[in-house]
Amino acid sequence: MAVNKNSNGYTFLFSIVMVVVVGAALAITSQSLKPLQTKNDADKKRIDILGAIQVKATRENAAQMFEQYVVERVAINYNGDVLNSKTGAIDATDKNDPFNVDIQKEYRADVKKIVKESGKNQEEMAARLSAAPVSFPLFKCNKDGEILYVIPVVGTGLWGPIWGYVALKDDKQTIYGAKFDHKTETPGLGAEIKEYFFQEKFENKTLNTSSETVFSVVKGGAPTNEHSVDGITGGTVTSKGVDEMINRTLKVYIKYFESVNNQRAQR
Amino acid sequence: MSEVQEAIVEKKSEPLFSKKNRKLISDPLNDSNPITVQVLGICSALAITVQVQQAVIMSLSVLFVLIGGNIIISLMRNGIPDRIRIIVQLVIVAALVIIVNEVLKAFLPDISEKLSVFVGLIITNCIIMGRLEAFALANKPGPSFLDAIGNGLGYAWILLAVSIVREIFGSGAISFPGMGQVKFLPEGWFIGNGGFYENNNMMILPPMALVVVGVIIWIQRSRNTKLIESH
Amino acid sequence: MEYINIFVKGIFIENMIFAYFLGMCSYLAVSKTVKTAMGLGLAVIFVLGITVPINYLLENYVLKEGALTWMGAEYATMDLSFLSFIMFIAVIASIVQLVEMIVEKFAPALYGALGIFLPLIAVNCSILGGALFMQERQYTDIGQATVFGLGSGVGWWLAIIAIAAIREKIRYSHVPAPLRGLGITFIITGLMGIAFMSFMGIDI
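Chains as they are written, first to last, in the working numbering: chain A, 1 to 267; chain B, 1001 to 1231; chain C, 2001 to 2204.
FYI, nobody ran anything at the bench for these hints, they're computed from the structure.
Be a bit skeptical, because a hint or two may be false.
Heads up, simulated BS3-like pairs for lysine-lysine below, C-alpha to C-alpha not over 27 Å straight-line [to be verified]: (1) C:K2064 - A:K120; (2) A:K172 - A:K194; (3) C:K2009 - A:K34; (4) A:K240 - C:K2009; (5) B:K1226 - C:K2169; (6) A:K45 - C:K2009.
Quantities reported herein were computed from a predicted structural model and do not represent experimental measurements.
The shape of chain A in the complex, shown without the other chains (with noise of 0.2 Å):
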């Protein structure tokens, strides 16, 4: 039987043909992936939440470490009033625990908007930030007797998007440990910010809670004191992203620690 292959019919024919295999496969693949993808996804964050406070996880004891470590879920809001709080095993489907909150889909849809239409207007971004509908986990960790505060960050580079986790101690001024990550920086620049010997130079260093500016990443080479660290030479703008988001995101759990002592103080 001879077709013509190249008469409109065959053509279209054979574009559906395509198009019903090629869209059913992905989707096949896709959806029943998609379970194994999500805890993936999920204990690589534990991972990281870990690496804060330098404790290594792997893939597959994360789930288990965590339980061991992380002893409270806080969510709070731009005000640093608590939204919910969740202590015990981490329900995947539960979209209040502060575990599942995507801070970097929140990001994307609002936060990162807000951030570059205010430029230096601290006032009006304090502002929009509060009335968008962002929240802020924070994870309490107790690591041998230690009483240890994750903070997830996240804020822009040069090219796209990076995050990280900041580590702080029980007196909630001091760095213990930070976890930066990113998904586009320059290889051997910016990329840099996930290598350890750059997020050592945060450890033991305090946030200035009585300035604007609670931490500073200041210019590869420039002087450093107790509340800033030195940037990545060549990789300026991404120094300066990692500057901007810790800056944004602390500001924001210095309140919510302030009122936990003020109530302390209280009773």
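On the provided structure of chain A, position chains B and C as indicated by the hints.
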């Protein structure tokens, strides 16, 4: 393209590793190198050659997709309507890459993390489309498979050469998948530690990739003079 | 103002060729004379200017999570973003096919000159790159997306016209024989890239 004609007249009973078929593999390594002679796949060759590690991952993925795409298109070659062949090729390559990425994400998440950045680059890599269009559409799966391997390797060695030069001079180190960055100069040699050696940050910046590829072409053509262009 | 900013950024700072190396293959292969370069450059502007906004609509009303809400509340959680690559490519490929047919019909001379590169515009990485950057940068409205598409296209056109003009003249210089053609083009593009880096940091 001479190799296409050669392959068309090929006889059915020919063994897989005949002289002609071996040429399919060896030619793209030098005389018809996809990057330096056919001018295909430049975008990715430049964008990801800052570190050897990335170059290796990219080369392997391209090799894999090229083999898969070449075989599939070659099997389908008698059924694809001429008018929509480009779309068909693109869709097959894209679907292949997406499926591979989704599977990796589920079973080998650490590798997928490194790869997912390149997914877009692999799909639009002109080597893949160029070989599908120029070879697989007109040839049987066997030779198409060999053609894919040849071109994949031809692409890989240029990528490796460029990334080795850039990483050595740009970072004073070589990184390899699974090993991280290995600094082979003593720490004390670097200027920050009181030494004399300073990394050339210029090498890390995009434009130097072009210059390095240009120099590689220069070296290759001064050894293989039949490739020299009149102008 | 935002429009002008995006446009200028697309041409100079985030230039497809010099900052991202997108669309290099056709850039190197079709830049021997200014005339053909002009043809391909205009085609890229045209295709980017059309495909970026179309893909923008596709992204925001079909693919993104919650994008299908207009079909009814029960679709609000649908996330089809795993299809985005293939959808973008399908749109690009069909539009390129359309352009190919139009050029063949109305400008056969140009069609002859561009040869196999017109179909290859579909795999011109700058076109898919445009769609992916649009997705990543989250432009707020379709106007911004269109301006971004046009700006990137103009940037690409500018780059190819510049290199073609240089290549026409370099014929009269004594370039070492093995460097002639492709080799010297690479090196010149690198130098142009360094020059374009000085635009970094401009913010209008």
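Cross-check of the supplied hints:
1. C:K2064 - A:K120: Not satisfied, since the Cα-Cα distance of roughly 31 Å exceeds 27 Å.
2. A:K172 - A:K194: holds (24 Å)
3. C:K2009 - A:K34: violated (38 Å)
4. A:K240 - C:K2009: Holds, at roughly 20 Å.
5. B:K1226 - C:K2169: Holds, at about 24 Å.
6. A:K45 - C:K2009: violated (35 Å)
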